[in-house]
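S.K.: Each chain is listed here by its residues.
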Amino acid sequence: MDATGTLVEVLKGEGPRVLATLARTIGDLAVAEDALSEATVTALEAWPKTGIPDNPRAWLAVVARRKALDLLRRESARSAKETAAFRWGTGAAPDQIEEAIEAIEPENSLRDDMLRLIFTCCHPALGREAQVALSLRTLARLEVPAIARAFLVPEATMAKRLVRARSKIAAASIPYAIPSDAELPGRLAAVLAVVYLVATEAHAPTGGDTVARVDLEAEAIRLARLLAGLMPGEPEVLSLLALLLLTSARTAARADADGNPVTLAGQDRTRWNRAAIAEGSAWLSQAVTRSGGVAGPYQIQAHLAAAHSTAASWQETDWDRIVGLYDLLGSITANPVVALNRAVAVTERDGPEEGLAALKTIAGLEHSHLWHAALADNLRRLGHPSEAARELHTAVTLAPSEVEQRLLQGRLRTVRSELG
Amino acid sequence: MALYVALCYYDRDQYWDSPTETELSPEYVEFARRATEAGVMRGGEALHPVTMSTTITVSGGKGGDVLLVDGPYAEAKEVLGGYFLLEAADLDEAIAWAAQNPAAWRGKIELRPIAPIHP
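Heads up: the protein sequence lines correspond to chains A and B, in order. Residues in the first sequence are numbered consecutively from -11, following my numbering. Residues in the second sequence are numbered consecutively from 403, following my numbering.
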């Protein structure tokens, strides 16, 4: 990694920690965010000349605090009713705040601040889009243009979304707090859903012409690691990290040299990232230990990813276990996509006739290209190429991205050649 | 502390004309008593049905003609049936209280933070 890369990594790692404490002590996330942004710019100018300080977090904290105090002084110079500062604080004046921050934050208080920041960004009073945008900006320290690119919206739209989210936190007094034990399960589910959504967008981009977005995938894993470090006792947090690592291990093999997608069945398994599989498996066994025998949805998905990752080939995959895991997942989530994946595994375990029957019982996927593609696969194996071609044609028209259209068109050509 | 107005919306067809309305009113009174005692509720009332509404506009700016319309501002399937003011430490506390008001299960409650206009 070059010098700038190292700088950016340090800033991404330390930035949220500095921000978390600053937001609590000055009582305003928007001001803390602006202050940290200014401090980051200062660091990017200064560090290449001076070298990265021994304690970059302390350096950033001091500079960000000064910037925040400047911002607050400027704000309090304006009329009082325009000022929404000190929202979470006790209404202390900037100088009192300065004294309060003098004490260096001990590690356990830093941990609480990080949790406050995370649960605020993912508060259920904010829409999912706002939660995702805030998390990527505030927790992953992604710049606005990068977040806008990731979700294929204009930069101005993403900037507005962030401003609106921060304004709502201030105006509606969304608390900067760790949820109570009673609230925690629901609130944690929202946090995990945000990280999962970032990973899904990385794994199956809704637009563009790449098979996966490696940069976004790395951010999702970074967020999951952050959560696992803060909440090592929460099995679903560990399971999500395991799932993302196990899935990311296959990313390099998911496209051929020309960038065309390669499905799991056809992937060159020597290209899978063994280190990521080993790490993911280790987190998964941690999660199993912590969960006391009750597997949550992320743990089941991680088991599924692990079952694929440890199989020597598509044919040698333990399809019986995979069908069983989908049964379990289906019993707690009632999602037609889970039923679809289960049916694909049934085809491999019991044959195309059983797979086709399972597919036909699923309602609500008439507009899913994956459902039509799976029907086509079974029909082709049963020796009905013309029906298979018809399903594939439908699948092509429904495919959400160019990449998937290309994949399905390739299959359609193969089936048509079988028609003779 | 933050102030919120809790706007209670109901299905138009179910609001007021429903005979269950008066049967349920003790639940509202009980909520108001508890929330007021806790120092959270700062007032609030039920509203007559929208057929009793008069909507006014001053046309052409300040001092212009006062125009009246018999009925609500917007005809909608949901009607505003009441409101109450909550003073809470933060949104979570306001949500916890609002969720105990019968309007939250008989209809929907919109929590709107108040922007003070007094100097």
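For the record, the hints were derived by calculation from the structure and aren't laboratory data. Check before you lean on any hint, since a few could be wrong.
Said to hold, decoys possible - With a Cα cut of at most 20 Å, we get these calculated EDC-like pairs of lysine to aspartate or glutamate: (1) 156/A / 480/B; (2) 148/A / 131/A; (3) 0/A / 131/A; (4) 510/B / 480/B; (5) 0/A / 315/A; (6) 148/A / 117/A; (7) 156/A / 489/B; (8) 348/A / 306/A; (9) 348/A / 315/A; (10) 0/A / 26/A; (11) 510/B / 439/B; (12) 156/A / 494/B; (13) 156/A / 495/B; (14) 156/A / 429/B; (15) 148/A / 22/A.
Said to hold, decoys possible - Some chain A residues close to chain B (C-beta under 10 Å, calculated; not the full set): (16) 111; (17) 115; (18) 164; (19) 165; (20) 167.
Predicted model, so just to flag it, every value in this text is computed and none were measured. For glycine and all other residues, C-beta sits at the position ideal for the given N, C-alpha and C.
S.K.: Each of the hints needs a verdict: does it hold here or not?
M.R.: Right, here's what the structure says about each hint:
1. A C-alpha spacing of about 25 Å is found between residue 156/A and residue 480/B, which places the hinted pair above 20 Å, so the restraint is violated.
2. The straight-line distance between the Cα atoms of residue 148/A and residue 131/A is roughly 14 Å, inside the 20 Å bound, and the hint therefore holds.
3. For the suggested pair residue 0/A and residue 131/A, the alpha carbons sit about 11 Å apart, so the restraint of at most 20 Å is met.
4. Among the hinted pairs, residue 510/B with residue 480/B is consistent with the structure: their alpha-carbon atoms are about 9 Å apart, no more than 20 Å.
5. At most 20 Å may separate the alpha-carbon atoms for a hinted pair to count; residue 0/A and residue 315/A exceed this at roughly 40 Å.
6. Distance restraint check for residue 148/A and residue 117/A: the Cα-Cα separation of roughly 12 Å lies within the 20 Å cut-off, and the hinted pair is therefore satisfied.
7. With a C-alpha separation of about 17 Å, the suggested pairing of residue 156/A with residue 489/B holds against the 20 Å cut-off.
8. Restraint check: the Cα-Cα separation between residue 348/A and residue 306/A comes to about 24 Å, which exceeds 20 Å; the hinted pair is violated.
9. The suggested pairing of residue 348/A with residue 315/A holds, with an alpha-carbon distance near 17 Å, which does not exceed 20 Å.
10. Taking the CA atoms of residue 0/A and residue 26/A, the gap is near 14 Å; set against the 20 Å cutoff, the hint holds.
11. Taking the CA atoms of residue 510/B and residue 439/B, the gap is about 24 Å. The hint is violated against a cut of 20 Å.
12. Annotation: proposed proximity of residue 156/A to residue 494/B holds, straight-line Cα distance about 14 Å (limit 20 Å).
13. Only pairs whose Cα atoms come within 20 Å are accepted, and residue 156/A paired with residue 495/B is accepted, the gap being roughly 16 Å.
14. The straight-line distance between the Cα atoms of residue 156/A and residue 429/B is roughly 31 Å, outside the 20 Å bound, and the hint therefore fails.
15. For the proposed pair residue 148/A and residue 22/A, the alpha carbon gap of about 15 Å is at most 20 Å, so the pair holds.
16. Taking 10 Å as the C-beta contact cut-off toward chain B, the hint placing residue 111/A at the interface holds, the least distance being around 8 Å.
17. Because the beta carbon of residue 115/A sits about 14 Å from the nearest beta carbon in chain B, more than 10 Å, this interface hint is broken.
18. The interface hint given for residue 164/A is met, as the beta carbon of that residue sits about 9 Å from the closest beta carbon of chain B, less than 10 Å.
19. With 10 Å as the threshold, the beta carbon of residue 165/A comes within range of chain B, its nearest partner Cβ sitting at about 7 Å, so the hint holds.
20. Annotation: residue 167/A was flagged as interfacial toward chain B, and the flag holds, the nearest CB pair being 8 Å apart, inside 10 Å.
Consistency note: the structure conflicts with the earlier hints numbered 1, 5, 8, 11, 14, 17.
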